[in-house]
Every structure is written in C-alpha cells, then in structure tokens.
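Novice: Given next are the chains, with one letter for each unit.
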Amino acid sequence: MAVCVAVIAKENYPLYIRSVPTQNELKFHYTVHTSLDVVEEKVSAVGKALADQRELYLGLLYPTEDYKVYGYVTNSKVKFVIVVDSSNTSLRDNEIRSMFRKLHNSFTDVMCNPFYNPGDAIQSRAFDSVVSGMMVQAC
Amino acid sequence: MSIPDYMQCAEDHQSVLVVVQPVGIVPEDQFFRIYKRISSVCQQSIRSSQRLLYIRYRHHYPPENNEWGDFQTHRKVVGLIAITTCASAKEWPQTSERFHGQKEVFGSTLYDSRLLVFGLQGEIAEQHRTDVAFYPDCDSCPDLERRVEDFVESIFIVLESKRLDRTTDKSGDKIPLLCVPFEKKDFVGLDTDSRHYKKRCQGRMRKHVGDLCLQAGMLQDALVHYHMAVELLRSVNDFLWLGAALEGLCSASVIFHYPGGTAGKRAARKPSISQAADSGKRHRPGALTTNGINADTSSEIGRAKNCLSPEDIIEKYKEAISYYGKYKNAGVIELEACVKAVRVLAIQKRAMEASEFLQNAVYINLGQLSEEEKIQRYSVLSELYDLIGFHRKSAFFKRVAAMQCVAPTIPEPGWRACYKLLLETLPGYCLSLDPKDFSKGTHHGWAAVQMRLLHELVYASRRMGNPGLSVRHLSFLLQTMLDFLSDQEKKEVTQSLENYTSKCPGGMEVITLPDGLKFPPVPFTKLPIVRFVKLLNLPVSLRPHKVKGLLGENMSSKSPFIYSPIILHNRGDERCKKIDFQWVQGAVCEVQLMVYNPMPFELRVENMGLLTSGAEFESLPAALALPAESGLYPVTLVGVPRTVGSITVNGYHTSVFGVNSDCLLEGLPGVKTGGCMVEVVPSLPRLLLSTSLPRSPHVAASEDISSSVALQLFNGETQTLTVTLDNIGTETLETLELSSKIISTKEKLLGDILNWDIQEAQSHLPLLPGCSLSLTVNIRVKLDFSGQENLLPDLSDDGISVTGLPISSPLRQVLKPRPESKALSADPGKNEKSTCHVKTLEAVMTFKYSGGGGHVEGFYRELCLGIHVDVEPSVFFTRVSTLPATSMRQCHLLLDVFNSTEHELTINAKNNQDLLLYASECQRMAIQVDKFEFESVCVQPEQSQQQWETERQQAQGSLINSTLIHPSLQREGEASVEGVLNQLVLDHLQLAPLQWDVLVNGKQCDCDIVTDCRVGDPVSLEVKLTNHSKKEVGPLALTLVAFQDYQNGIQNHDLQDAVTFIGSNTFYIDKVNPTFSSTCTGALLFLYTGDFYLSIKFQDDSTRRDLPPAFFGLPTVHIRALESPIENGA
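Each protein sequence line maps, in turn, to chains A and B. Everything in the first sequence is counted per the UniProt record's numbering, starting at 1 for the first residue and increasing by one. Everything in the second sequence is counted per the UniProt record's numbering, starting at 1 for the first residue and increasing by one.
Since the hints were made in silico from the structure, they are not lab data. Computed from a predicted structure; not experimentally measured. For every residue, glycine included, the Cβ atom is placed at its ideal position computed from N, Cα and C. Treat the hints with care, since some could be wrong.
With a straight-line Cα cutoff of 27 Å, these simulated BS3-like cross-link-like pairs (lysine-lysine) come out [what the hints assert, rightly or not]:
no., chain 1, residue 1, chain 2, residue 2
1, B, K326, A, K68
2, B, K490, A, K27
3, A, K77, A, K27
4, B, K185, B, K328
5, B, K741, B, K546
6, B, K436, B, K374
7, B, K349, B, K318
8, A, K77, B, K349
9, A, K27, B, K420
10, B, K374, A, K68
If you want a taste of the chain A side facing chain B, the calculated C-beta under 8 Å gives, among others [to be verified]:
no., residue
11, D37
12, L60
13, Y62
In silico contact screen, one side only, chain B against chain A (beta carbon under 8 Å); selected entries [stated by the list, open to error]:
no., residue
14, F390
15, R452
16, H455
17, G516
18, P520
19, K1071
20, P1074
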C-alpha cells in the first residue's frame, strides 16, 4: 500500500529511501524532500509545548494529487515518511500508525547493530524486508 | 478575467488603481524614470480630511480586468497618466488624438486623466490645461510630483462624491444590480421586482459602498457596510458576492490589524504618514488621545466589534475562497484571495494553514495558461512558500518554474532565466556551490535532489553559452557528490566534463556572474585522494651536513635550557612543524604523497606539482596514471628550491579531466603529514664518484654508502684504486677532506688498509664545475699471518729452535692434544680452505666536500665509497723461532712459511735469496735481523703489559717484512711477522739495555770483526758499559779469558804461553747510573801469531742475578796476532 518509505536523518539527509520500482524514483525524492518542510513546521510547533510528551506520529503531512504523505519523528529527530496512494481510501489512520511503529521498531534494531555507524545509509536486509512488507501489504 | 495579479495583498483593497502608460514613442528607460517618480506618490493625505488615499500604479493593465471593477473597486482603473514625447508642434494633434484613444480604453471607469508631454516647446506648451502638462525634457520636471498629487486629489474628490452618492441613494429608488462580466447573461429575463432580487441588489451595492469607503480611507464605515452586505448576500445565497463581501471584511480587518502591510518586500508605505493616520486607530478603546478630536469612543467600540480578530480573518478567508471556488470563472479571484490570505498567515506565522491555502491555490485551474504565466505562477508559489518558511517547497516550485522556462513547447527557451531561477533554488536544497562547505564532516542535504539540480545547472549553463560555468558546476558535482555517484554515473560525468574542458579548461579563478554572484573554484581534492604527505630527505650523498661547531650554536640559541620537562604542546599545527633535515638550493628535492584513485577507471593526473610558499621553489610537474580503485599509491613530486630560506609545502596542484586544481593541505580532511616546513641551505657542489675498479654488486652494509667497489686480494697484497671525482654540480668545489673507517671486523688487522695522499688531490682545488680530479688510494690488506689453524703443517720437529715453542695462541692451547685435531681436519681441510678462509674486510671512505654558498654557511656534503675486500690467505707463518747470530747485535729469525694458496710463490725477505714455495708447501726460512732497542719501554709495571707487547710487536713487525710474489699471477705483496712474534722470540730480538762495547786498540770489535794486532805489541783492551736501562747497575766484576778455537769444536784455553795480560785480567766496574757509562781498561800482549779469542766472563756476582742473562751478552773478541813488521820485513 505504501508507495514510498523513507528514513531521514536528524540532519535532513536520507538514510534510506525506497519506492515502488514502477515509478520515477526521483519524483519520490522530491516528494519526501519537500515534505520535510511540513515536518519541521510541525515539530517546531509541537516543540514549543511539551517536548517529552510529544506524539511521534505527525499525521498527514500534505496531500498531493496522487499521494498522501504521512510523517513520524522519533525522539532523536529521525524522520520517517510514508507515501501512500491517494486512491487507497480504505486506509485508516490507525493502519498508518501501526506501519510507523513497525518501521520504528525495525529502525531501532538497525541502530542496535554494533556494526552500523549512525549516520550511514541503512543497508540492513531485515529492515529491507520490513519495508517490502509494507509496500506490498493489502494492495 | 484570466490574468491573476500575484502580487496582490489585502491592503490593495484600499488603494485606487492608476494606469501610467506611454503614448506614442517613449524610450523605455525614460518612461520608467518618469514612472518611478510618479509611483513615489503612493499615498496622499487629503487636506480637507484626516483620511489617506492609497494609489496603486500599473504601467500595464488588461482592460478585461477592468471589467471586474464593480466587483472589487480596487480593480477599477480610475486614473490614467499618459506619458508622451513630442518633438514639434506638428506632432501635437496626433499625440493628443492618441491620448484620447487611450482614455477610451478605460473610459467607462476613469475618474480623471493626465497627459505628460516631454520635449514640446513653444506656444502650445504655453497654454494652460489641467489635463496636460508640458515639460522640456524628462530631467527638468521639478513639479511632476506636485502635479501627480493634484491629480490624485482630483481622483479623491470624484471617489468621495461617488461614495457619498452611493451611500445616500438608498431611498426607495431602484438599486442597479452590479454584476461581474460572466453573470450578465444569467440575469437576462430575471424578475427584477422580486424580494430576492432586490436583496441581491442591495447586498451587492452595500458591498460596493464598502469598497468605496475603504478606498476613501473610511475603514470603519467600510467594515459596517461589509457586515451588512454579508448578511444580505448570505440570505440570498449570492455566493460570489458573499465571498467578495467576506474578503472585503477580511481586507479591512487586515488593514486594521497590520498597518505595516502584508506585502513584506514592498515596503512602499511610508511609516511616518501612516503613523499619523493610524494613530487614532491604534489606541486602545477609551484611552486619551492627543489628537483624538474626531476619535469618539463610540466609533472605537464599534470598530472593535466590527473588526475581525486575526483568527476570524483566516476563517472568513477560507469561507470566501470556498464560495469563489463554486465559480469556474472566478478562478483568478480565488487565486488572488489565496495569495492574499497566505500573506496574512505569513505575518501571523501560521505556516501550516498557509501551506493549506497554497496547496489549494496550486489546484486552482485557470484554464489554458501561457508558458510565461505558468512560470510566473510557479515563481510566485515558490516565493510564497519561502515566505512561510517552507524552503524546500519553495525550491521545488522554483525549479519547476525554471524547467518551465525551457519547456520544449517554448520556441525560444530562456536558458538564462532558467539558470537564474535554478541558482535561486540552491539554498532550499542546502547547496552552497562553495566546495569548502562540503569538505568538512558529513554531507549536507539530500544528495539525490542536489545531484539532479547540479546536473540541471550544468546543462542550463551550457545551453546558456557559458561553458566555463558548466565546467565549474560539473567539477563541483564530481567533487562533492563523488560518494553518491554510481560507477556508471562517474563515467558519464567525467566524460562530459572532459568534453566541456576540451573547449574551456577549468581553472582556479573565481567565476563572477554579471549580477555579482561568485562561484569559488572547485579543487579536485578527491581525484585523487591524498592520504599522506611526506617531505623526503635528499639522497645520502647529497645531504648537507652542518659543521659541528656551528650546529652547537644553533642548538643553544633555541632555548637557554639544556633540558626542560615543559614541552610546548603544539600538536595542532603539526603541518607547520619544521623538519629536522634540510634541502639544498639547486638540488632536486622530493615530496612523497600517498594517493588513491576512487574512480572505477584509470585516472590520469597531469601536471601534478607542489604548491609552496616561502623560498622560491621551482616545481617540476609530473603526470601519472592511477589504476582503477587503486589502493594507496606512492607518488613522488619533485622540485628545485631556487633560493635560500624556509619552504612550506602548502598543497599540490593537479590537472584532472582538463580541470586545474590547487589543493591546499589545510583544507583536506584526513591528510597526515610529517611536517611541511623545511629549511633550504645555500647551494653546494655536487661530486660524482667513479673508481678504476668495477662497481660492487654487493649491497653495502650501510645505507649511507653511495657507491662501493669490491676486490679480491691475497693477504698482504696491495692494490691501487684510482678514485675520480667529477664536479657535476654548478658550484666550485672548494674543500675536500677524506677519512676512512673500517667497519668492525673480527679479524686482527695490521696497519691501515687504506692510505692516500690528500695533498695531491687538494692541490687541484678549487675545482670548477665540469672538472674532475683523481685520487690514488692504496689498498693494502695485512691480516694476521700467524697460522692459527692447527691443520697447517707444523715443522715443530726440529731441535735447532732456541725457543722451541709453537706460536702461543689461546686457541692452540685449548685444542690440545694436537694429533687428534690434526687427524680430524686432515681431509675436509682442503675444501674449507678455498671458501672459509676467505676473510672479508669492509671499509668506508668518506669524502667531505663543500663549496659555494653552502661552504660559507658551514655546510658540507659527504660522499661515501664502500670498499669490500675479500682477503684470501696467502702465506702463514706457522712457527717462529730465533737463533742467535754471531754478532750480539743481530739474530736469526726462523720462520716456517706455509703457502696456503693454490699457486706457487716466491718469498723474498730482506734481500735474502728467493724462496720458492709450491702450493700447500711449508718451508723454513731464516732471516738475519738486527736486534732492537727499546728505549721507551723498559720493564714497566704489569698494568700496561699487554699494550707494551703490542707496541713492541708493531715496531718490530714493521721492520721485518717479507715480500711475496706470485709469479704466476703477477701479483705481489708483503707479509708481516707482526703478530706472529711471541714473547720469547721478542726477548731474543731485543737489544739488551746494557750496552757493552769492547774496544781493541781503540777499535770497536764485534763477533765477526777480526782485529789485527802485532805480536809483541801490547794490545789495549777497553770494556765500556753504557747503561740504557732505568736502574743503576753494578758493581760488576769481569774476567777476561783468552782461548783459541780450532773450528772443530775443540777450544784451547791453555794459552798462558801465548798470551799474557798486562796487569790484571779482571776488571771491576763500579755502579753505573742510568744513562751513564763506565769504562775499564786493560792490556794484552800476544807472544805468538795466531787467531785468538777473548771471552769476557762475569764473575759470579750476586748483583747480576736481578737482571736477565741477555743483558750481559758480551761479544767475543776475535784478535788475529800477526808478525811484527820487522819479521815481516825480514
């Protein structure tokens, strides 16, 4: 159902980005990149209130003609962005939330790998398979 | 209406629109100069009232937009200022005609118009017309602004009258229905008498009056009218106009809340005027005001009530936009409303909601847009996103706009515009185009989109016709994005870079665009990547050495302390660290870099050289080809220092893919250096050494040796070596010193191997460049000739030997018993001989030379010649013994000589007969030698016994030499007995310290000398003792005994008849002190002729027991008594 999943580092460069192979990858790069504006805006707006009790899930960042972009920010300011097809109306907010949670768990596993150097691109097979699972699931 | 004005903002609702247009031919720059002056009059306080009139000037306005003037009055063109140039009066009527024609275009809405004529003079210009102003030229029109102000005032009067007119005529008359252009046909045949219709008319009119009030500066009234209009229109579901009324309400509220304006960039409003005008508004309700004459409290209260709160403004905007959205034809209005709302939200810093408005604006379909309009639209979107802080989104739209500039549908693509827009997107993508920002730490930003943008920049700049720029961008792409490029992309990028650079090579200069934008140079510090920089010392033979004394001074000047535990920790500037060796002016110096090629193909680096500062340095560039994905690869860069001083290596320059780069080390991450600053000493001469002997294939033991020779000699042989020194440098050789050192060897060496005459060589100095001198060196090997090997044949079976002892060596002692070891080594001895017994000697000759400037500074160079000598054994003295000679002052030395070579050889000692020795033959030879005298060394304390012995041996060895000749090989040498002689032998060779002289008839006599005397004559005999020892000797008693020797072993002592002593035959010598001598005399009388011997014996005396018997060796006197001359004569 997801057409693109991206993990973005605290410094706003991609750690991982994967999109459905049928479409122009660069387009998703642009989509995810521009969504960072919204993420930053949302984080800074919430940050003013209560930083520790903040909801990690940012909800819908912005809808485009074809896609809906959802965002999620970990406490360490690593951002997850999931792009889903706009036509997929059956998708509920809860499902998106669970996807993010799964992604976050898998990301935590990646970070726990002693051989992973924080800040490097993610090249974990386990993480890949989790992402693949999201991209095919319930189409 | 199809052309949106993206620059609109909420406060534009209160302005009146004036179009300024050229009529006829007006030069553009002139027009805009005038236009600028006119537009400076943008707000005007009206004299009669406290109100302000805002004017919006446009030099271009589509008439169709004017048709929407009833809908929103700020869209209505109410004033026209025409600008024309008129050279002569003839043209005047035509110009006037044109002006009227222009008026016609906006005729329906115009309140007033003006014509500004430039250049016309004469009677026409004299006439006074309110609507025409004449100026001689565009520079001399000082009252232009005043005229515009008058014009604005006249517009205000019309506006005010219209407002009053519309406000008051609510009495029963039929209110006309105001409508927008597309509505007109909808109302045909509508019942004009229905309540619904009337309400609609009323509502629309209310809204219109609100607009007019707003324009006329009556904000409060406007708010009231808008509220009423909203209520009226809501009841009749007139959504388009309801939207307009809501928007009017919003605009008025925005004007109230944000007197500074929402347009941001266009700070057109003069704060001072608005301050005065708004002072009333800004006061809190009920507050006392100084100029509050007409600020009555009721209006304050009403204002607060009617005015929307900031949150409400957005709500109402949303509502208005949703109403506009119902009408396809109101797209422009909707879009403009969105833009206005976004500007308001930007001021309120509510980015999220603003983005929603913008998102909506993106989807507003305005039908077929021209390319230019699209570009404009995207640019505005980008600007607005920027305004709300969404830089990435802004960059995205700017990039879309840029792409639109060169869309394939455009016949003439605007590459320049595209490029310019693309440059503006850079901050949004975190790109700076300064490679320095990328050199440190991790990569910033989103590489994929950055790369895309760079590719686009490259392409745009190329299409723009600026290849230098595209090379710069492409270099930047390659340098900063190298980690993100795939192998295929790397290939493509480098290929296109090479294509571009073939036309326009890339350099290190800063590229400045006409608009002042600067592109710093991009050095290729990653092509290749340098990991290590190390300055290399000169080769050993070229290294400068400092004369010792001067060096000490240098050391002391650094610090007053010999040692201090406080070390200055300056690890940070490791690169500035001085290196402890020096370079020499004029000598080729090297710097080693460890580089690697990150590319998947061979990297050709051309013109790679060093960048230095300090003393002048001539870099000699190198070209290299690094294999694909090479590991660390050493590269040596060379150069020649041209002046004296210190040189700092700052970096290196390369030329890769046609791009020249200067890479500075300080900017490079992860580069290790061992210091980059080196001292250059003045130039020194340079010598090339060649020898008469072939160069040695041996690798010399020590690395310091620049060349070496090897030779093979028999022990004792001498070889001459001619060393030729060529001055191949540019300096004159002024000094030359020569020393030699023998590399420690276990072998006992007799005398120096090398000797030479330096004087001869030094006489050639100074040696000019290109000249050469030669030096003869004698190589003489003299190893121990004693046969320490027990396998050598030993002629010990003789009884003649006095000493009878084999050569005493500790080894020999240990190896006893001899027969066994002899048997052991009988057979293998032969094999070993050729291999094992070859001994190796190594010596180093050091030439220290100097000259030129370096000599003055106290530097010199060293040249080392290694000499490797394989010494083959020649002869051995297996056994040494002595035999006393007839003379007490002489002695026979018996040597058992063994020829260990495979050749026969001839031995010649002291002019003796040649002795021929066949291979492996051992023979004994006897040499008569003089005894030696040891003046300095007497019986000394034991402590220096060893040394004493050695000295003695040396002294003797130097005298007793035998010449060896190898007839077959034409080689000859000297064998020395030095080291062979042992203590016993030496004792025999030693001359006693007590010198006994026996004089017969005043003549010295010795063993072999026969003294003649006559029978019957008394023969005087004198015995003289000279004490050379350091002790006193004596007293001694001597007895003289005469005898005859029959030469057959029989001695006749019974000679009382033949010889008679005159006086006593006993002599007595008293104490003789050191260096003194004592003489005692006696006399003899020979009675018969014959050969007589006199032996002088000591009487057994206790005193002589202290001294060795050799001290008392007195010669036997041989006297031949002859006939007396008388008898002879008879």
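Novice: All hints are to be evaluated individually against the structure, with a verdict given for each.
Specialist: Results for each hint:
1. K326/B x K68/A: holds (25 Å)
2. K490/B x K27/A: holds (22 Å)
3. K77/A x K27/A: holds (24 Å)
4. K185/B x K328/B: holds (15 Å)
5. K741/B x K546/B: It holds: about 20 Å lies between the C-alpha atoms, which stays within 27 Å.
6. K436/B x K374/B: violated (36 Å)
7. K349/B x K318/B: holds (17 Å)
8. K77/A x K349/B: Distance of about 23 Å is within 27 Å: holds.
9. K27/A x K420/B: The hint holds at about 23 Å.
10. K374/B x K68/A: holds (25 Å)
11. D37: holds (4 Å)
12. L60: violated (11 Å)
13. Y62: Y62/A check passes; min Cβ-Cβ to chain B is 6 Å, inside 8 Å.
14. F390: holds (4 Å)
15. R452: holds (6 Å)
16. H455: violated (11 Å)
17. G516: violated (29 Å)
18. P520: violated (23 Å)
19. K1071: Violated: closest Cβ of chain A sits about 102 Å from K1071/B, beyond 8 Å.
20. P1074: Hint violated; P1074/B Cβ to chain A Cβ min 94 Å, cut 8 Å.
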